[in-house]
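Chains as they are written, first to last, in the numbering used here: chain A, 1 to 210; chain B, 1 to 350; chain C, 1 to 182; chain D, 1 to 374.
Calculated directly from the structure, the hints in this document are not laboratory data.
Warning: the hint list may mix true and false statements.
Pair ranges (Cβ atoms, derived) [said to hold, decoys possible]: (1) A/158 - D/17: 12 to 20 Å; (2) B/119 - C/26: 52 to 60 Å; (3) C/40 - B/12: 52 to 60 Å; (4) A/85 - D/243: 18 to 26 Å; (5) D/199 - B/179: 19 to 27 Å; (6) C/142 - A/158: 55 to 63 Å; (7) C/27 - B/339: 38 to 46 Å.
With a cut-off of at most 27 Å between alpha-carbon atoms, the simulated DSS-like pairs for lysine-lysine come out as follows [stated by the list, open to error]: (8) A/123 - D/301; (9) C/43 - C/28; (10) D/298 - C/65; (11) D/304 - A/123; (12) D/298 - C/90; (13) A/28 - C/65; (14) D/286 - D/240; (15) C/39 - B/36; (16) D/58 - A/123; (17) A/179 - D/304; (18) A/81 - D/235; (19) B/36 - C/29; (20) A/28 - D/304; (21) D/295 - C/116; (22) D/301 - A/179; (23) A/140 - D/240; (24) D/301 - C/30; (25) D/240 - D/58; (26) C/142 - C/65.
Note that CB positions come from ideal geometry on N, CA and C, so glycine has one too.
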Amino acid sequence: MTEQDKPTAPADTPAQPPAAPKPPWEEKPVTPVPQDAREHAQVREIAAAVPGAVIAAVEFAGQVTVTVDRERIVEVGRACKETLGYAFLVDLTAVDWQDRPEGRFDVVYWLHRHADSVRLRLKLQVGVDVEVASVTGVWKVADWMEREVFDMFGIYFGGHPNLERILTWEGFSGHPLRKDFPLEGIDTGAAVYPDVFPPGGGPVAGGEGE
Amino acid sequence: MANPWVAFLLVPLIKIVVILLAVILIAAYMSFFERKILAYMQIRIGPNRVGPRGWLQPIADALKLLVKEDIVPARAEKFVYFLGPVLVVAPALLVFSVIPFGPAFKLFGYEVTPYLTDVNIGILFILGVSSVGVYGVILGGWASNNKFSMMGGLRSAAQLVSYEVPMGLSVVTVLLMANSLSLVKIVEAQKQAGVWYFIPGIVAFFIYFVCGVAETNRNPFDLPEAESELVAGFHTEYSGMKFAFYFLAEYANMVVVSSIATVLFLGGWLPPFPNWLAAVWALPALAWIPPIAWFVLKMAAFLFVYIWFRGTFPRYRFDQLMDLGWKVFIPVSLVNLMAVGLGVLLIGGK
Amino acid sequence: MGFWGFLASLVPFELAQGLGVTGRFLFKKKATIQYPEVKPVPKDRFRGMFGFSEERCIVCHSCAKACPIDIIHIQDHFEEIEVDGKKRKKKVLDRYDIDVKRCMFCGLCEEACPTKPLAIWLTTKSYEASAYERNERLYFTKERLQDWTGVRPYPGVVSPKDGQMPDDPTGGSAAGRGEAKP
Amino acid sequence: MGNLEALKPFPDSEEMEISFGPQHPATHGVLRVLLRLDGERIVDAKPVIGYLHRGTEKIFERETYNGTIPHTDRLDYTAAATNNQALVGVVEKIMGVTVPPRASAVRVLLAELQRIASHTIWLGTHALDIGAQSPFFYTFEEREKILDLFEEYCGARLTLNSMRVGGQPYDLPDGWTDRCRTFVDQFPARVAEWERLLTTNRIWKLRTVGVGVISAANAVEWGLTGPPLRGSGVKWDIRKVFPYDRYEQYDFEIPVGANGDTYDRYLVRMEEMRQSVRIIQQCLAKLPDGPVMAKVPKVIKPPKGEAYFSVESPKGELGFYVVSDGGAHPYRLHVRPACFINLQALPEMVRGLLVADLIAVIGTLDIVLGEIDR
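Chain A on its own, in the form it takes in the complex (with noise of 0.2 Å):
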C-alpha cells in the first residue's frame, strides 16, 4: 500500500485470530471503499478559502476528490494555487459520462503542494459545447494540457491563448475520446493509400482497410 496518500490503515478485522497473520498479498486485496470526506482536512481548507464553491468531496483509495462548481474554477484555482500552496498542476484530463444527464464531461484537475507532500484532485461537471474557463492564467501549464481535452473531447476553454488541435490534425473532424467516437476511427477524408482505399479517402468506419 502505497503512503502516496494520507495512510488509512485498511481495515482487516481477521475474523477469527489465525496462528500467524497471513501477508496482504496472499489473502484476497482489501477493495478501497468511497467515503464522504467533508470533513478532511483538505475539504475543509478549500470550503474556507472559497466558499460555496464545493459541491461533493470524496474520498477514494486514500486520495480525496472535490467536486466544484464549473462557475468559479477560476477563482477555485487562484485560491488553491495562492493561498493554500497548491502550485503544481500535475495534470489536467476529462472524463466522459456519455448518458450522465446533467453533465456529461468530466474535467479533472490534479493538484500538488510542495510544502508537505500532499496531492487533491478538483472535478467539475461540463455538458456538450458549454464553456469551461481556462487555468492557463493561474498555471502556465495547463496549455497543453486544455488543448489536448479540448482536441479529444471537443471542450472549449474560455480565454485559452491558442486553443487549436495538438494531437490531431488541423482537418480532423470529431473528437476521438468521446465515447461515442468508433474505435475504428471515421472516414477523415484524408487521401490516405489512394490505391488501397476508396477515393472516400482513409479507413471507413468500421471498414477492415485490407
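Put chains B, C and D on the given structure of chain A with help from the hints.
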C-alpha cells in the same frame, strides 16, 4: 638534360600523372581508412564486405557515385551549380605541384626530382591557391537554392576566411627561421639547422595544424556540414559525381594541410633528427629508409590525428568558432611571430 | 581569468584526455557480429516464432480473448463422438489463424492457454519469420503454424509437427518461463 | 540574451521561417519545430506534435487490464519497464492489492536498469547531436548488456510487457542476479570513462553551459518534472516524495543541479546513473524470496472509482489516472506523460538562442515522441 622536349614536356607530364593518381588514390583510400579507424575507435569493425576485408570499398564508392543519378535542384543556378565542385577540387589538386616529396635522386642515370617544380615563392603560391577553394563552397551553397545549404555556405565562408589569417601568420614564423619561401629550401634549412622547426616553433605548429583542421571544415570546426543542424550543409543538394568532387576535395585538402605541415614543421623527407642521430647511434637501419617513406609516414601521422579528432570532439557553435579564431588564434600567432622574429634576430639566423 | 589563465587555457590537457579515451578504444574488443554467417543466439525465454499443436488445443478461445489486438481468429464446430457408449459432443477446430504480421509477440496468449503442455507457445530460438509479401506469407494458418512452412527455423530447432515441445529449451518456450527450471 | 531589437542591424530585414523536422536527424523522433529566425538567432519556436498519435488512450478502453500492458511499452519506448510499473501500480492501488516483497524487488531492479538504459540513449544521442560521435557507440554497448538482462528475464529487449497486475508473471531465472551484479559492478567505471570524454571537455562546456536556462520557479510553473526540474535545483523525486514498490528501503541521493542549464542537467543524469547502480546493488544484496504474484483474480475487475498513481520514469513523473466502472475494461485510462509537459517549456528555454542550441536543448529535455503523442 638532352633535349628540351623531354625535360620540359615529357618528364613533368609523367610527374603530373603520377602525383594526380597518387593524390586521388590517397584521397579515396583516406575515406576508407577514416571509416575503418573511426569504427575501430567505436568498438565496431567498419566496412569489411567489399573486396578482401573491405579494401575495395573506396572503388565501390567511386563507382556508385559515378552511376548515381545526378539530381539538379529545380531552380538552381545551373552554371554556378556546376562551377561549385570544380572550384573546390582544382585548387586542392593544384597545390600538390609545389610540395617536395623527397630530395633529387638518380634514376637510370637521369637526375630526377620527386616534386613537380620548385617555385621560389612556394608558400605564397600555396596560400593563394588554397583560398580559392572558399569560392567553390560559397557558390555551391548559394546555387543549390536551398535555405539550409545557403546557411552552410555562408558559415563556411566566414570560417575559412577567418582561419586563413592565423594560418598565414604561423607559416610566416617558419619563413623567418628558414628565410626562404621555397619549400625545398625550407627543408634544406631544417637539415642544416639540424633541428626541425616544430621544436622552436611549437606554438606556430599547434596553431597551424588546428587552423588546417578548420580550413578543411573538419571535426571540431565542421559547422558548414553539421548534420544535426544544417542537414548536410553546402553539399546537401549535390549528388553523384559532383558530390564525389566535394568529397575528394575535402580529403585532398586534408592531405595538403598534412603534407605542408610535414614540410614546414617536421622537416619534409628528413629522417628524424638528421645529424644528432647519425652521430650518436649511427643507426644504419634508419638510413636506408628512403626519404619519401619518411614523408609519407609523417603525413600519415597527421591524417590519423585528423581522424582521431573527428572521433572524439564535439562541434563548436558557430559564434564560438569565430571567437576562437579571432580572439585566441590571431593574437597568439602574432605574439608568437614577434617572439620568433626576436629569437631569429638574436641568434643571427642560422 | 587573467593572463596566465588565458595562457593555460591554450594548452588543451582535457582534450588530450578525451583523445586518450578514444585512443584506448582502438585496441578494445569489437562488438560487431557478422550476421548472416554468425547468428546471435537468443536467450531461453525469448519470445519468438509461434508454435502450435492441434491435439493439445481444447478450443477454449482464451488465447483469442487474451490477445490485446485480436489477431487470433478461431472457428470451431461441435461433433458427436461415441465415447464408451455415451454420446459426447466434442469441439473441433476448423480455423486457427494468427495474423503474425500484426503480432507484437507480447506472450499474453501463451500465458492465457490453460493446457499443460501448452497448445500455443512462443518458441525461444527462431526469430527469422520475415517475408517479402505481406499479406499471404505472414498470415499463419493452423497448418503453417505447425509445419512452419515459410519460417526459417534457427539451426537445431524443429517445427511443432516434427515434435517440438513447448518445454524444449532449444525450440519451445522454456517451461521455466513460469517456474524456475529444475 | 538582451533585447533583440538592439541586435537587429537591418531593421527592414524580415525573419526567416524554417520548419525544423519532422524528418530531421536531431529531433529524436517526429517532432516539428516551427522556427522564426533572425539570421541564426531564434526569435520564436513553436513545437508541432501529433505525428505519432496512435490513440493509445482510446485503445485502452477496449482492452482488459492485463491487455493494456503491451500498449504501455509503446508509450515511452525507451523506458518500457517504468511504463509497466506505473500502469500496474495504478490498478493495484484502485484494487487495494499489496504486491509481495520479491515482486517489488524485481520491479525495482527492472526499473533502475531501465533508467540506466534510457539515460544511455539520452547521452548517446545528445552527444551525437552536439558532434561527439564516439560516446554513442560506447553508451549503446552498455545498453546492449542491459537489454540482454531484460531478454533473459522476460523474453523481450525493448517492449518488455514484463509486469502484471498483482506482481510479476515469472521469477528471475537462475544466475540472472549474478550476471546483473557483474554488469552493475563494472558500470560506474564506464560512466567515469564517458565523463572523461565530455565533462571537462571545453567544447562540450561551451556548447552546454548557459544554454537552455530555466529557473527553479519557472520550472515548477511550467510543470517540469524529472531531470529538467532537478537540473534547476528543485530536489523533487517521486521515489522519495511518494515511495512506491518499497523504495524507502533503499538509500540513494537525488542529484540536483545549480543553475538549470544543459550542463547541469547533463551532470544530474550522469549522477542518476550512479545512484541507480547503488539501488540495484542494495536490491541484489537483500533480494527477498517468496512468491512473485499476489492473490489476484484471473479476470481483473477493479471496484467503481478512480485513482492516480505515478512513478519516477527516466524522463520525469509518469502518471496513470484510471476511472473504473467495475467492468473488466478500464472506463477511462489517462496517461500523464512527462515528456509532453517538459516539451511545453521548450519555447521559453530556446528564445534568443542560436539554431545549434535548439539541438542541445531538445537533447537535454530528453523527449520521446511516443510518450508525447500517445
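Taking the hints in turn, this is what the structure says about them:
{"no.": "1", "hint": "A/158 - D/17: 12 to 20 Å", "result": "violated, 30 Å"}
{"no.": "2", "hint": "B/119 - C/26: 52 to 60 Å", "result": "violated, 40 Å"}
{"no.": "3", "hint": "C/40 - B/12: 52 to 60 Å", "result": "holds, 57 Å"}
{"no.": "4", "hint": "A/85 - D/243: 18 to 26 Å", "result": "holds, 22 Å"}
{"no.": "5", "hint": "D/199 - B/179: 19 to 27 Å", "result": "violated, 46 Å"}
{"no.": "6", "hint": "C/142 - A/158: 55 to 63 Å", "result": "holds, 59 Å"}
{"no.": "7", "hint": "C/27 - B/339: 38 to 46 Å", "result": "holds, 40 Å"}
{"no.": "8", "hint": "A/123 - D/301", "result": "holds, 24 Å"}
{"no.": "9", "hint": "C/43 - C/28", "result": "holds, 25 Å"}
{"no.": "10", "hint": "D/298 - C/65", "result": "holds, 13 Å"}
{"no.": "11", "hint": "D/304 - A/123", "result": "holds, 17 Å"}
{"no.": "12", "hint": "D/298 - C/90", "result": "holds, 26 Å"}
{"no.": "13", "hint": "A/28 - C/65", "result": "holds, 25 Å"}
{"no.": "14", "hint": "D/286 - D/240", "result": "holds, 20 Å"}
{"no.": "15", "hint": "C/39 - B/36", "result": "holds, 23 Å"}
{"no.": "16", "hint": "D/58 - A/123", "result": "holds, 21 Å"}
{"no.": "17", "hint": "A/179 - D/304", "result": "holds, 18 Å"}
{"no.": "18", "hint": "A/81 - D/235", "result": "holds, 20 Å"}
{"no.": "19", "hint": "B/36 - C/29", "result": "holds, 14 Å"}
{"no.": "20", "hint": "A/28 - D/304", "result": "holds, 17 Å"}
{"no.": "21", "hint": "D/295 - C/116", "result": "holds, 21 Å"}
{"no.": "22", "hint": "D/301 - A/179", "result": "holds, 20 Å"}
{"no.": "23", "hint": "A/140 - D/240", "result": "holds, 26 Å"}
{"no.": "24", "hint": "D/301 - C/30", "result": "violated, 51 Å"}
{"no.": "25", "hint": "D/240 - D/58", "result": "violated, 32 Å"}
{"no.": "26", "hint": "C/142 - C/65", "result": "holds, 18 Å"}
When held up to the earlier numbered hints, the structure conflicts with 1, 2, 5, 24, 25 and fits the remainder.
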